[in-house]
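Which chain is which? The protein sequence lines are A and B, in order.
My numbering puts the first residue of the first sequence at 20, with every later residue one more than the last.
My numbering puts the first residue of the second sequence at 20, with every later residue one more than the last.
A few of these clues could be false.
Stated by the list, open to error - Quick list of in silico lysine-lysine cross-link-like pairs, BS3-like style, CA-CA up to 25 Å:
1) K435(B) with K323(A)
2) K162(B) with K136(B)
3) K136(A) with K162(A)
4) K114(A) with K323(B)
5) K323(A) with K353(A)
6) K136(B) with K23(B)
Hints are computed from structural coordinates only; laboratory data are not their basis.
Predicted model only: the values in this text are computed from it and were never measured.
Now for the letters of each chain:
2 protein chains.
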Amino acid sequence: MEQKIFGNAIVGQSGGPTAAINATLAGVIRGMLAQTVTDEGGRLYGMRNGIDGMMRDNVIDLSARFTGEDGTPDEQALTLLERTPAAALGSCRRKLPDPESEEGAAVYEQILAIFRKYNIHTFFYIGGNDSMDTVAKLSVYTKKVGYPMVLLGVPKTIDNDLIVTDHTPGYGSAAKFVATVMQEILLDCAVYTVPAVTIVEIMGRDAGWLTAAAAIGRTTTGYAPDYVYLPERVFSMDAFYADLRQALSRHPNVVVAVSEGIHFEDGTPVGAIGAAGKDAFGHIQLAGAGKALENAVRAELGCKVRSIELNLPQRCAAHLLSRTDIEESVRVGKAAVEAAAAGVTGEMMIIERLPGTDYRTAVSHRPVGEIANRVRAVDSSFINEAGNNVTDECCRYLAPIIEGELPLTYEGGLPKFFRFD
Amino acid sequence: MEQKIFGNAIVGQSGGPTAAINATLAGVIRGMLAQTVTDEGGRLYGMRNGIDGMMRDNVIDLSARFTGEDGTPDEQALTLLERTPAAALGSCRRKLPDPESEEGAAVYEQILAIFRKYNIHTFFYIGGNDSMDTVAKLSVYTKKVGYPMVLLGVPKTIDNDLIVTDHTPGYGSAAKFVATVMQEILLDCAVYTVPAVTIVEIMGRDAGWLTAAAAIGRTTTGYAPDYVYLPERVFSMDAFYADLRQALSRHPNVVVAVSEGIHFEDGTPVGAIGAAGKDAFGHIQLAGAGKALENAVRAELGCKVRSIELNLPQRCAAHLLSRTDIEESVRVGKAAVEAAAAGVTGEMMIIERLPGTDYRTAVSHRPVGEIANRVRAVDSSFINEAGNNVTDECCRYLAPIIEGELPLTYEGGLPKFFRFD
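The shape of chain A in the complex, shown without the other chains (with noise of 0.2 Å):
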């Protein structure tokens, strides 16, 4: 016999966005669409900027916009929609009240209007940390007030660093563009033969598993970054030094791989070396690691140096997409209907590795209360001895989760993407 979901669902994107944030989206209308919607329930509704366009209303009906004419899913619309990067309904960055508090109960009991204006009792949230904060304290809140309700958390982040789940949605895309970019860099500095630093700035404040994924090459092509510097470990400018120059004296042309995060022993930022300048203006000049070590390299080593800092496209790049991350998105957004139609509440889906030499994975769930507001550093064994690299088994570790593409559309040589409006 079919599960049913309880009441109609709500879903919502928030928190940074990602190249597959909506490919988990798609996934979790794929599920709903395969409920029979009824008086009682079975339609998805979806929140526009999260919990904060929610409480102002702004709520679409996602059942009618993805069946087509014929009574069956959009196909079309939900295959651009896999394949469109950041977060179609938009998103928010909000952090809800203690459900405890006196001034929480406001904030609450303006969500739990618009619960009971659309008979909601299933919510699908999906994001990061805080958007796992989220649920667990709606979790709280609807049962102290015994609003009878089921809530997923459905993760995604390019950072990678959340616990109990083997990687999260977003990370083998964002990875993949890494990877490939910095293979792209090794070759265009190899052209010239004049001694030159290349210092790539890759996204990570806490976590350096994305600053990791530009060396996976080292285990396929067999062309990698000289060093990769992570914020899992103190960084030192003279042993930086000492790096640099005992590469300089192998090959003409060294490049580097630094997470935005690297810092010294005592905390500071290596951003913040450079943030003491001011500009003609006298704006303070804000650098990132990157831009903070080209300057101090090219004092120090007086050779040719650049910082190439990756920037937003290291999210948002869909024009290559990992195939494993789009296709384990959508399975963890369908997972988590199927979750919600058993019951499990005040969860989150998680992706297991599954024991074996294939990569094969599965979706579970965990408790949200478990895995909110903890941060996943790299693994100790995935970093050399030294501090200035990651191992091999690393590499291999990361290599199955940028496997595989998966071309988009393109109209007059432009991607074609999904838009609500």
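Starting from the structure of chain A, add chain B where the hints point.
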């Protein structure tokens, strides 16, 4: 009757790499492999690291390298080469001395010794403006000393700033990357409702062609940045602030594209307003135009501001090639061999856009002396009156150059590239 090239030939790559310079090299190789190799000539050599490496006798036999065991062209290697970014032969940045000068004599004699050693009487140089200067000077010198030589320049530059040619090989792929990433950035920036300005800095010191490509989506997908600032127009902070305020009054997420080469009325580069700062170590902070504007706008408007420098991937992102660009780049290389066989010398290959509504091009050639050391700016009719955007006519002109995709071969999630070693 087959036209034969004169003696043996040599080909080199020079200047900054692009995603298409190897496609042109593959075109030259394909053209030369159609020649019969005899004791008198017909063989193609390659200079490693341009004229610089050639003078040190760093020369390889390309005819041998790209001929398969059965005597036919190695199609697999040639196809791989066509889709490999950067300069497979290596590059250099060397400006030759005046061939009439005293100090030039030693340099030119060294070059001539290499030509004699390999019986080279045909010379292909793939590069930008400086490379055309090299072709022009070698023409003068070899004529002066009576050494029979056919010399041809084959253009490449992502800057698209060579005169006479409709556009340059390499521009189309860089423009496709810029235009595509801009679509992705626009989606990414649209997820929040908080007022924010995103400044995207694009390569191009003297000409704004690549920055103009950021707007191509306007006439195709309907999405483009709010403003586009090119070095062809004087930049004013006041006008910039006024533009941003107006855009922010229309929608919360304002995105602008700026050329790295934008400058104020007195000629000062916009990036220089940040250069007065020093970091904690006393190093001068070099900021780009985007970073400098980011700091200035944050202080002036007080809203969220971000700058993104697209940086090196613009010129080496082979994972997003323009098929039009790569096919034209190969054609230009092949046509250079045909021109050489017909005895054309001292000329640069050019792309002509044929009249008509459909996009069609022909490859031709023009005297290199007309072209070298001149910069082609973006046409006045392509820039709007306010000087803060490109026209629809410009978008429509550029659109066909980014048409078509050319997927790479991936292995283990990463693209396979050609390497000589």
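Here's how the hints hold up against the structure:
no.: 1; hint: K435(B) with K323(A); in the structure: violated, 28 Å
no.: 2; hint: K162(B) with K136(B); in the structure: holds, 19 Å
no.: 3; hint: K136(A) with K162(A); in the structure: holds, 19 Å
no.: 4; hint: K114(A) with K323(B); in the structure: holds, 19 Å
no.: 5; hint: K323(A) with K353(A); in the structure: violated, 51 Å
no.: 6; hint: K136(B) with K23(B); in the structure: holds, 20 Å
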